[in-house]
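**Q** As they're listed, the protein sequences go chains A and B. Reminder that position 63 of the first sequence reads as 63 in this note's numbering, one-by-one numbering, no gaps. Reminder that position 281 of the second sequence reads as 281 in this note's numbering, one-by-one numbering, no gaps.
It cannot be assumed that every hint is accurate.
As the list claims (entries may be wrong) - According to the in silico footprint, chain A covers these stretches of chain B (three or more CB under 8 Å from chain A): (1) 35-45; (2) 217-225.
What the hints assert, rightly or not - Subject to a maximum C-alpha distance of 27 Å in a straight line, what follows is the list of computed DSS-like cross-link-like pairs (lysine-lysine): (3) K7/A to K34/B; (4) K117/A to K34/B; (5) K134/A to K53/A; (6) K109/A to K159/B; (7) K132/B to K117/A.
What the hints assert, rightly or not - Partial chain B-side listing against chain A, Cβ under 7 Å, derived: (8) A49; (9) Y209; (10) L210; (11) F211; (12) E212.
No lab work stands behind these hints: they were computed from the structure. The structure displayed is predicted, hence computed values, not measured ones. Where a beta carbon is used, it is the ideal one built from N, C-alpha and C, also for glycine.
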Amino acid sequence: MDKIFFKLVTPERTVLDQELVSLTCLTTLGQITILPHHIPLVATLIPGELHAKTADKEFYIFVGGGFVQVNPNSEVTVLADSAEHHHEINEQRAKEAMQRAQTALADQKLSDEEYAKVTAALERSLARINVARKRSHRKNPISSEGVFKN
Amino acid sequence: MAGIKELKTRIKSIGSTRKITRAMQMVSAAKMRKSQNAALNSRTYSDMAWNLISGLAHKIHLENPLFKTYPDAEKTALVIISTNKGYVGSLNTNLLAKAEQTQQANPELIAELYVLGRKARDHAVRFNKNLKADFPKSDAVISVDNIYPLAKTITDLYKTGEYKFISVAYNHFVSTVSQKATVKQLLPFTESFIKDSHLVEQQQLGAEYLFEPDPHIVLDRLLPRILESQIYQAVLESDASEHSARMISMKNATEAADDLISDYTLTYNQLRQNKITTELAEITAGKIALE
Numbered sequence: 001m002d003k004i005f006f007k008l009v010t011p012e013r014t015v016l017d018q019e020l021v022s023l024t025c026l027t028t029l030g031q032i033t034i035l036p037h038h039i040p041l042v043a044t045l046i047p048g049e050l051h052a053k054t055a056d057k058e059f060y061i062f063v064g065g066g067f068v069q070v071n072p073n074s075e076v077t078v079l080a081d082s083a084e085h086h087h088e089i090n091e092q093r094a095k096e097a098m099q100r101a102q103t104a105l106a107d108q109k110l111s112d113e114e115y116a117k118v119t120a121a122l123e124r125s126l127a128r129i130n131v132a133r134k135r136s137h138r139k140n141p142i143s144s145e146g147v148f149k150n
Numbered sequence: 001m002a003g004i005k006e007l008k009t010r011i012k013s014i015g016s017t018r019k020i021t022r023a024m025q026m027v028s029a030a031k032m033r034k035s036q037n038a039a040l041n042s043r044t045y046s047d048m049a050w051n052l053i054s055g056l057a058h059k060i061h062l063e064n065p066l067f068k069t070y071p072d073a074e075k076t077a078l079v080i081i082s083t084n085k086g087y088v089g090s091l092n093t094n095l096l097a098k099a100e101q102t103q104q105a106n107p108e109l110i111a112e113l114y115v116l117g118r119k120a121r122d123h124a125v126r127f128n129k130n131l132k133a134d135f136p137k138s139d140a141v142i143s144v145d146n147i148y149p150l151a152k153t154i155t156d157l158y159k160t161g162e163y164k165f166i167s168v169a170y171n172h173f174v175s176t177v178s179q180k181a182t183v184k185q186l187l188p189f190t191e192s193f194i195k196d197s198h199l200v201e202q203q204q205l206g207a208e209y210l211f212e213p214d215p216h217i218v219l220d221r222l223l224p225r226i227l228e229s230q231i232y233q234a235v236l237e238s239d240a241s242e243h244s245a246r247m248i249s250m251k252n253a254t255e256a257a258d259d260l261i262s263d264y265t266l267t268y269n270q271l272r273q274n275k276i277t278t279e280l281a282e283i284t285a286g287k288i289a290l291e
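Put together the whole structure using the sequences plus the hints.
**A** And the structure:
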């Protein structure tokens, strides 16, 4: 069977190095699913969930922005700014981060740059919480259609 | 004899020093493994990021403030990453000598120093260098977020256009027994390097990439990441070098202590034996005199 040779790296570590059947991720232009023999592509990722599927397992990983690169011969690499498996996410900390960002946003005296930074932080923590919540209660992972509903 | 007692205390004190160096060796060995792993892991990211940018290089003309060169600028900046603590053999000495050498190479330029780590700061203060900023260095393995302030400072500096180039001096981790003081140019990004790797890339793949949303945006987002990962890599490399160097020097110290102890023990035993022999001789002589 055809496979994707997948690697997910952050500056700190290699999070996943695995042969996959399909990979779903959130790019700036929307959600895409990459199957084997995809054409060469480079796309920027936004904070959100990355769903990697092998023949018998599924991985749900939070990615805090980055790039996906699809090479010919089905090699796919994701360069993420940060990445965590859903069971590694510290929901408490993400919530605190979200609150910090919200308080900062309520403060009107932000410069444009600061505003962008805080919004990005807020987006990241929201995405992180979503990924953690969605996955924490389910023993059997749901299919990718239901993933981005809320 | 007076020597005997002195020797005994000496042996004891070397023994306790040996205990300390041995403990430090173990601690460094554990830290070394951790930091070596971190350094090797992060190499993957920076390699892949370079691969990505080389894919971009033939797609668009690389236009970004970070590619611009300022030939008339009069300043350079050097980021020195040293250790906080000593006991690392000649690691810092070599590094600072190398940094000094780099500055000598361009005497017409005003060199500004940005330091990370206490040893480099002390050096800069002692020799009255043009020290501009001092970033704290954590002793644990850091995450990439800790690099953002430094990366931002450097980017902002370069964008002012007053700097000809900005480099970083750090100890490159070659292996546990070998670390190499290295000076690497961070900015401007040299196109030559990218072109070289892109030739290789194209030969291997011969592929045209599709860029989403468009190549310029990808480039704009990629460059800061590459800069960060390069600095991060430099910090990790120097961490790995530090712990390796400390491990080795503590190992040497422990071995030297072992040698000293066995030396002194031998002398001590000889002296003790001498003393016993003398005493015996005296007793026997006294006994004979009494008869």
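**Q** It remains to establish, for every hint, whether it holds in the given structure.
**A** Now the hints, each set against the structure:
Look at the region 35-45 of chain B against chain A: 5 of its residues bring a Cβ nearer than 8 Å to a Cβ of that chain, three or more, so the hint holds. Restraint check on the region 217-225 of chain B versus chain A: 5 residues with Cβ-Cβ distances below 8 Å, three needed, restraint holds. Simply put, K7/A and K34/B have alpha-carbon atoms about 22 Å apart, close enough for the 27 Å limit, and the pair holds. Between the alpha carbons of K117/A and K34/B the distance comes to roughly 32 Å, so the proposed pair goes past 27 Å and is violated.
The suggested pairing of K134/A with K53/A holds, with an alpha-carbon distance near 17 Å, which does not exceed 27 Å. This hinted pair checks out: K109/A and K159/B have alpha carbons roughly 26 Å apart, not beyond 27 Å. Distance check on the hinted pair: K132/B and K117/A sit about 26 Å apart at the alpha-carbon level, within 27 Å; holds. Checking A49/B against chain A: minimum C-beta separation of about 6 Å stays under 7 Å; hint holds.
The restraint placing Y209/B at the interface with chain A holds, with a minimum CB-CB distance near 4 Å, inside the 7 Å limit. For L210/B, the interface hint holds, since its Cβ comes within 7 Å of a Cβ in chain A; the closest pair sits about 5 Å apart. Interface hint at F211/B: satisfied, since its Cβ lies 5 Å from the closest Cβ of chain A, which is below the 7 Å cut-off. Of the supplied interface hints, the one on E212/B holds, with its beta-carbon coming within about 4 Å of a beta-carbon of chain A, less than 7 Å.
When each numbered hint is compared with the structure, a violation occurs for hint 4 only.
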